[in-house]
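Novice: Letter by letter, the chains look like this.
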Amino acid sequence: DGGITQSPKYLFRKEGQNVTLSCEQNLNHDAMYWYRQDPGQGLRLIYYSQIVNDFQKGDIAEGYSVSREKKESFPLTVTSAQKNPTAFYLCASSDDRGHGGAHFGPGTRLTVT
Amino acid sequence: AQKVTQAQTEISVVEKEDVTLDCVYETRDTTYYLFWYKQPPSGELVFLIRRNSFDEQNEISGRYSWNFQKSTSSFNFTITASQVVDSAVYFCALAFAGGTSYGKLTFGQGTILTVHP
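As you go down the protein sequences, you meet chains A and B in turn.
Read left to right, the first sequence gives residues 6 to 118 (the working numbering).
Read left to right, the second sequence gives residues 363 to 479 (the working numbering).
Hints listed in this document are in silico derivations from the structure and should not be mistaken for laboratory results.
Yeah, the Cβ is synthetic: ideal placement off N, Cα and C, and Gly gets one too.
Keep in mind that a hint or two might mislead.
[To be verified] Here chain B is said to cover these stretches of chain A; the calculated rule only asks that three of the stretch's residues, wherever they fall, bring their Cβ under 8 Å from a Cβ of chain B:
no.	segment
1	42–52
2	87–98
3	111–117
Generate the whole structure from the sequences, applying the supplied hints.
Specialist: Here it is as C-alpha cells:
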C-alpha cells in the first residue's frame, strides 16, 4: 500500500542538539511538505518542496532546515536555533495534478528538554 | 492572505445527536479548494472531503454532509447521528487552486468533538 512513513513516532532530545525527522513516501508524489502542530492549534507550514533539489520556506521556517535529494524523501532538521521545538510534526505529500489536498503521514512527536 | 476560522474550540454531544462544525474562510483567490480533515487520537490526519470553489453543491457521504456557501465564505460540516468513533479533532483547510502546490494548506485551529455514549 502506498503511503507516507515518518519515524520515529516519539523523539526526545536535549536542548541545544540538532535532530532530524525522517519522511518517506511511496506515492510517487512530486510535492512534499512539513507542518508543525502545537496543542490547541492548527497546522502551520514549515517548508515545502515541489521538486527534487528545490524547496521553499513556509510560514514558520526559522530554526528548521530541509533537503530533497530524492523524490521519495524529505527530511526535516530541527536545529538548536529553533526556540520552541517541542511539537507534533507532520509530513505530507501531494500529486499536484489538480486533485488538491495533501496526504499526511502519522507524525513525529518531538520533545526537547 | 488566507485565513480559516473555526470558532468552535470544543463541542460535546451525546451519541446519536446531530452536530455541525462551522468553518469560515477568507481568501482573495478566485479559485481555491476547501477541505475537511479528521485527526483521531493517533494523530494522523485523515482526509474527509475536498471541494472546489466552483462547485457549491452540497455533498453527503453516509452520515457526513457538507454545506458550502460562497456568499458567506462558509464550509460547514454536519455529522448526523453521531457515534463515539466520531470523537476527534476536525480541521477545515484552504488551498489556492491556481498554483502548483495543492498541499500548501492554510488550516483552521480545529474543533475538538467529543461524543459521549
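Novice: Among the hints numbered above, which are violated by the structure, and what are their numbers in rising order?
Specialist: When the structure is compared with the hints, none of them turns out to be violated.
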